[in-house]
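Colleague: Modelling step: build the complete structure from the supplied sequences, incorporating the hints.
For the sequence shown, the numbering used here assigns the number 1 to the initial residue and increments by one for each residue that follows.
Wrong hints could be hidden among the right ones.
Said to hold, decoys possible - Derived DEER-like restraints, expressed as beta-carbon distance ranges: (1) Ser3 <-> Thr45: 23 to 31 angstroms; (2) Gly15 <-> Thr45: 14 to 22 angstroms; (3) Gly10 <-> Gln64: 18 to 26 angstroms; (4) Pro35 <-> Arg59: 39 to 47 angstroms; (5) Ala44 <-> Leu21: 19 to 27 angstroms; (6) Leu24 <-> Trp85: 23 to 31 angstroms; (7) Gly10 <-> Asp38: 17 to 25 angstroms.
For the record, the hints were derived by calculation from the structure and aren't laboratory data.
Every residue gets a Cβ at the ideal spot worked out from N, C-alpha and C, and that includes glycine.
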Amino acid sequence: MKSADTPFVGGPLDGRVLPVLLGLTGHPPKTYRVPVPDAEGGPATVLVYRRASYGRGGRLGLSQGWRYEFDEGGDSGGHGPRWPWSRPASTAPRTPPEDSGPDATPGSGGDRTEG
1 MKSADTPFVG
11 GPLDGRVLPV
21 LLGLTGHPPK
31 TYRVPVPDAE
41 GGPATVLVYR
51 RASYGRGGRL
61 GLSQGWRYEF
71 DEGGDSGGHG
81 PRWPWSRPAS
91 TAPRTPPEDS
101 GPDATPGSGG
111 DRTEG
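Modeller: Right, dumping it as structure tokens:
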């Protein structure tokens, strides 16, 4: 597999350049999680880094490379793609309004009789 030396910015890995495996498209993963074991044998702490563009270059404005920036929030965000037709998880399903028929509003003129 192909790898690229990728700089890390912020957090405990600030200033380090580590080899990161590239995907099929030639890009590193969007998130990079580093498990740090606890010295006392407790649960491991996971450091989360997010991929960011390293710089723009040339007339086309393509990315020259990638770097990882420390995400203090941890695992916030990256729960998969957000599709436009998907409903937010916190929203309760809407109940349809009661159907009272097409002429439920007084004075709507729906029951006009010619005379």
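Colleague: The structure should be examined with respect to each hint, and the outcome stated for every one.
Modeller: Against the structure, the hints:
1. Ser3 <-> Thr45: 23 to 31 angstroms: Cβ of Ser3 to Cβ of Thr45: about 25 angstroms, so the range 23 to 31 angstroms holds.
2. Gly15 <-> Thr45: 14 to 22 angstroms: Cβ of Gly15 to Cβ of Thr45: about 20 angstroms, so the range 14 to 22 angstroms holds.
3. Gly10 <-> Gln64: 18 to 26 angstroms: holds (20 angstroms)
4. Pro35 <-> Arg59: 39 to 47 angstroms: Taking Cβ atoms as reference, Pro35 and Arg59 lie about 42 angstroms apart, which means the hint holds.
5. Ala44 <-> Leu21: 19 to 27 angstroms: Holds - the Cβ-Cβ distance for Ala44 and Leu21, about 21 angstroms, lies within 19 to 27 angstroms.
6. Leu24 <-> Trp85: 23 to 31 angstroms: Holds: the Cβ-Cβ distance is about 27 angstroms, inside 23 to 31 angstroms.
7. Gly10 <-> Asp38: 17 to 25 angstroms: holds (22 angstroms)
The earlier numbered hints are all upheld by this structure, with none contradicted.
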